[in-house]
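As you go down the protein sequences, you meet chains Y and P in turn.
My numbering puts the first residue of the first sequence at 1, with every later residue one more than the last.
My numbering puts the first residue of the second sequence at 103, with every later residue one more than the last.
Please keep in mind that the hints were generated in silico from the structure rather than gathered at the bench.
Model, not experiment: these values are computed from the prediction.
One or more hints might be untrue.
Claimed, not checked - Derived list of chain Y stretches under chain P, where covered just means 3 residues or more per stretch with a C-beta under 8 Å from a C-beta of chain P:
#1 17 to 25
#2 38 to 51
#3 72 to 81
Ideal Cβ positions, reconstructed from N, Cα and C, are used throughout, including at glycine.
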Amino acid sequence: MSLDLRTALIILAAGIATYLTRIGGFWLLSNVKNLPPRLETALNAVPAAVLTTLVAPAFFDGGIELKIAMIVALLVGLRHNGIPLILAGWGAAMVLRHFVMT
Amino acid sequence: MRTLPFWHGIRAGLIVAMSTTPFGLLFGAIAVDGGVSPLEATLMSGIIFGGASQLVGVQMFGSHVPAWLIVLSVFAVNFRHILYSAAMTPLVKDFGRLQKAAAFFFLTDPQFAEAAKRVDRVGKLETAWYFGAAFIIYVVWVGSSALGAVFGQLIGNPKAWAFDALLPIYFLGLVMGFRKRPLFGAVVPVSAVASIIGMHTVGSPWHVSIGAAAGIIAALILHKPQSSNPDEGAKP
Numbered sequence: 001m002s003l004d005l006r007t008a009l010i011i012l013a014a015g016i017a018t019y020l021t022r023i024g025g026f027w028l029l030s031n032v033k034n035l036p037p038r039l040e041t042a043l044n045a046v047p048a049a050v051l052t053t054l055v056a057p058a059f060f061d062g063g064i065e066l067k068i069a070m071i072v073a074l075l076v077g078l079r080h081n082g083i084p085l086i087l088a089g090w091g092a093a094m095v096l097r098h099f100v101m102t
Numbered sequence: 103m104r105t106l107p108f109w110h111g112i113r114a115g116l117i118v119a120m121s122t123t124p125f126g127l128l129f130g131a132i133a134v135d136g137g138v139s140p141l142e143a144t145l146m147s148g149i150i151f152g153g154a155s156q157l158v159g160v161q162m163f164g165s166h167v168p169a170w171l172i173v174l175s176v177f178a179v180n181f182r183h184i185l186y187s188a189a190m191t192p193l194v195k196d197f198g199r200l201q202k203a204a205a206f207f208f209l210t211d212p213q214f215a216e217a218a219k220r221v222d223r224v225g226k227l228e229t230a231w232y233f234g235a236a237f238i239i240y241v242v243w244v245g246s247s248a249l250g251a252v253f254g255q256l257i258g259n260p261k262a263w264a265f266d267a268l269l270p271i272y273f274l275g276l277v278m279g280f281r282k283r284p285l286f287g288a289v290v291p292v293s294a295v296a297s298i299i300g301m302h303t304v305g306s307p308w309h310v311s312i313g314a315a316a317g318i319i320a321a322l323i324l325h326k327p328q329s330s331n332p333d334e335g336a337k338p
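Work the whole structure out from these sequences, hints included.
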């Protein structure tokens with residue numbers, strides 16, 4: 001178990017930087033008493049707007065097996081979101097990679 | 103009845119933790135493979151607590167990158183959380199000062215997604231639910247990173263396990279959790295196209311901010327003023 005001082009300080013600084021991103025939006029808005037409807041609409045769109053950017057480029061740039069796996073996950077997710085979606089997509093990716101694409 | 107939200111939170115956290123465990127193991131293994139000690143890898147998970155940015159950090163430790171650039175890169179990868187904390191502001195108004203300060207430390211992608219879904223379902227965000235979920239997600243993330251760091255070589259070839267497919271599939275599920283929200287059908291395609299264009303022009307991690315901004319602007323353009331709102335030109 002070794003801990004390098006420089007590494008430890010970088011980890012600490014990176015942790016503080018990350019915390020600032022996690023509280024920054026709250027600091028910006030905490031003095032706004034009543035949220036204007038436009039701002040509320042914008043905030044309502046945040047989950048879909050941000051999380052989509054973590055999905056779409058991976059689909060676009062991924063291989064055919066990843067594209068198929070993600071479509072499988074999407075279809076399963078329409079009925080059973082959560083663990084079934086993940087298992088279906090992950091399983092499809094593994095099966096395609098092992099038995100179809102080799 | 104008072105303990106009920108806490109246990110609901112624990113359950114939500116456990117479901118998240120099942121999907122983050124492979125990432126935690128993978129992170130620990132990759133970190134040690136890149137020359138980071140198991141203790142340092144575990145500290146990263148405990149202090150930074152953000153998988154994608156930790157992977158970026160680990161990759162930069164190996165090369166001779168100046169310290170400030172590593173910190174700036176972690177900041178850039180985590181920049182999207184600013185939008186999460188803004189969206190959380192109306193939801194945490196009943197939290198105490200210290201509770202707020204602690205709550206934002208735990209504001210990861212799945213924590214935010216689950217909290218937003220909780221509000222969609224029960225109409226408010228209970229502190230007990232929030233910290234119940236956060237506790238499980240945090241402990242399992244740090245624990246699985248430590249396990250991956252110590253036993254990483256047992257994982258073997260991550261490509262064969264299709265671990266790289268797990269992250270986009272997992273985030274796909276999070277996105278689908280919001281498909282009943284208004285404007286979902288407009289926001290998602292706009293964010294998708296903008297983030298793909300951003301990825302291939304400006305590059306990562308800025309495609310996240312570009313795509314997010316585009317989706318939010320689309321929501322604002324389609325925003326319908328309520329008829330009760332006089333300054334939006336509605337009927338008197």
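| Checked against the structure, which of the hints given earlier come out wrong? | Structure breaks no hint.
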